[in-house]
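Trainee: Model the full assembly from the supplied sequences, consistent with the hints where possible.
Chains as they are written, first to last, in the working numbering: chain A, 13 to 266; chain B, 0 to 289; chain C, 19 to 308.
Everything labelled a hint here was simulated from the structure, so no lab data went into it. It is possible that part of the hints are untrue.
Calculated pairs, BS3-like style, for lysine-lysine (alpha carbon to alpha carbon, straight line, at most 30 Å) [said to hold, decoys possible]:
(1) Lys-139/A <-> Lys-181/A
(2) Lys-297/C <-> Lys-186/B
(3) Lys-262/B <-> Lys-297/C
(4) Lys-75/A <-> Lys-230/A
(5) Lys-297/C <-> Lys-185/B
(6) Lys-230/A <-> Lys-211/A
(7) Lys-73/A <-> Lys-181/A
(8) Lys-186/B <-> Lys-165/B
(9) Lys-73/A <-> Lys-230/A
With the C-beta cut set under 8 Å, the calculated list includes, among others, these residues of chain C facing chain B [unchecked claim]:
(10) Tyr-103
(11) Ser-110
(12) Ile-114
(13) Trp-124
(14) Leu-125
(15) Leu-132
(16) Gly-134
(17) Ser-136
(18) Ile-235
(19) Leu-291
Heads up, the beta-carbon is just placed ideally off N, CA and C, and yes, glycines get one too.
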Amino acid sequence: MLKIDHVTKSFGGLMAVNNVTFQLDDTGITGLVGPNGSGKTTLFHLITGFYKLDRGQIHFKDKRISGLPPHVISRMGLVRSFQQTRVLPFLSALENLMAASPAQAGEHLSSVFFQPRRVKREESRNKERAIQILELLKLEALGQHLAGRLSFGQQKLLELGRVLMAEPKLILLDEPTAGINPTLIRQLVYVIRELAGKKIQFFLIEHNMPLVAEICEKVFMMDSGSLIFCGTPSEAVQNPRVIEAYLGSEDHVA
Amino acid sequence: MEYYAQLLLNGIIAGSIYALFAVGLTMVYGVFRFINFAHGELIAWGAYLALFFTRSPFAWPIYLAALPALVITALIGLGQNRFVFEPLRHGNRITLLIASIGLSYFLRNAIRLIWGSDLQTYGLMPTRGIEFAGLSITSAQITMMAAAVLFLGILYIILTHSILGKSLRAVADNMALAQIMGISIKKVGVTVWVLASFFSAVGGVLLAVDTNLEPMMGLTNLIKAFAAVLLGGAGNVWGALLGGLVIGISENLSVAFISPGYKDFISFALIILMLLFRPRGIFGIAGGIR
Amino acid sequence: MDYLLHIFIVSLIYAIFAISLNLELGYTGLYNFGHVAFFGIGAYTSALLSLAGCPVTLGMVCSMLLSGGMGALLAIPALRLSGDYFGIATLSFGEIIRLFFLNERWLTKGPMGLPGISRPAWIDEGVTGLPGYLIFCILLTLVVFLVTRHLTRSPFGRALKVVREDEYVAEALGKNALAFKIRAVMVGSILAGLAGSLWAHYISYISPADFTLTETILVLLCVVLGGRGTNWGPILGAFMILFFQEIIRFLPIPADFDRFVAPIQGMVYGAALVILMLKRPEGLLPEYKE
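Mentor: Below you can see the structure in the form of structure tokens.
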């Protein structure tokens, strides 16, 4: 599904991603772990087109995506969330979701004026879908609230909801459980598992190792820009390089 | 041939004045990270305040009248910061930009109110020119260049040899880090505004000595200063200096090729071209005061 | 009574102008400080066409198309720039267009301007035509208001807001941010061109002095005062500013002080912008209700 091929990116003299090569097959949930600054988020930016690669290639479903602009990659079904949640604070939760729907006719100038009925139809379908997703996330009571008024954890869920509206095939989540309470984490895990069951693939950056062990079938680890491990979570906790990379790190969130 | 050499000389003279303007603008950008649209009005106010002191009841000679003008302009510059820019600095950059546009409009119209919209001059006697190598230059122009060189030289010494200057460069490079190291941002901020105001006022007076005063002079020269800043890389003091010279020279040489009505066009076109193709400038790297 | 008609007409024209800027600035977050250029292009195109014998309505349509086209042309390179640099580039563009009007005398008659621009065939010239022109303006403003309201309430309008609030999110959600911005500028320019041609046929005499930074500040104030990102905001702002402007003329000011009126007005506008940014940057009508 996703092929990362000798991908390299540096900033000035700093090598952020160093010749990383791996593949994501059509397995359900994959984890990407590593200490802070190991290049994980940079890799996400490279995959989703927000940064340009210095070297290497990236293929999604056998189509080359490296070099394409982010909105094109998103439309192909590769959708991401952001590490700091980026819900639109001044739109309601519902509007946040409705804005995320792909291929809306109503976003074309000509359709707005010359195809009003079609736009109206799509909008009501859009709204239904958005409400369904709010229900899945247990946020249906907050639909009309401004997204900026939601709690941090609720915003993270909303951001996941927004990703879902975009009808993704592969979802890249950047630290989805950082900073949210255990109850919401459970809810998130439930949602992710539901969706993985429906053949949506997940690729998560996480620091929460027990969580990774619980839900990921496969795990990659990066350190200082390089890929240093690939395997199952149980293999990972026994791997000496993995242990060494995390030694002294304070990121063990139980 | 001599025609072009004369244009070149005129360009260098004008350019040294533009360099003064550009240096002030770029220092403010380097430390505060915004382009002060009202910077041009510091130029105009410097010139007009000097005019005020050359008239009765003071009737001082121009170079003496310039001194209180510098001080008052510095106060205006500090006032701009204290009342408008400081409160807005941490918000939306666009709010800051709109506020600085409004401020510049306010100050420009205040000049119109006090001194009227007509052209004015300092009423100096025309000075004798000096001829050398087929080029002519007036003694006023020599004074202009000397003053510009003097001020820029002083700036160089301040930036490289004084603690204040080094603090300024540190803050421009990385404000958070400089703050942690104990550098007083407030002091640096005041220094920058005072320096920028002095330079603008001096340049304004010199420019008005050579040409005249009119209310739009602030905006017209702001555009040139801005083009120079872009050429040199925003925040790069020596780039701004070179940029000023380039603008001065290209403007003056251009009269040989295009209609004089389009002289201002050069700065505008340069701004657009630089922003589109080389926003970091030709000479430097954006950020930091070098 | 005639004067009241006049104030209403210019307020409506500026309402259209403000709505057009609000689409770019309020909804899409584009700080187009050169917007007056399209007002001017609309005015000159419509004027020149009707002076050449073209029926006024046809001329107006053509001027709208030309303005829109030029808007797209400007937008495509300029939108690569980040927020405040875009503002500066568009400001420069606005001035370049004004220099063009000023210098290309063969086309625009330069500073002398174009007199004798006629009204549409069904409206009388001069004072008798005022009621007719007022109705014309009311109808057009209504159409523009309904059209923009339909646009801003549509998914397109929502996407503009997404682009405004967070361009990265827009891209991550599959929206081509640049394409949306270009379209917003295009529509904004078309409407500004309409406002400009309405102006030209009303005033019947235009010159480059009608399209300066002052007009930019005026329309910016209308948008910012009335309430950005709302549909009624620009209309409210336009009426408030234009009424203020025109009523000043009515005040019995002794002839000696006449020359103070314009600068004081300018100071008020500049101060208003600054105070708005400091105290209530979102304007009178808030975009978000809660």
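Trainee: Can you name, in rising order, the numbers of the hints this structure does not satisfy?
Mentor: 3, 13, 14, 15, 16 and 17
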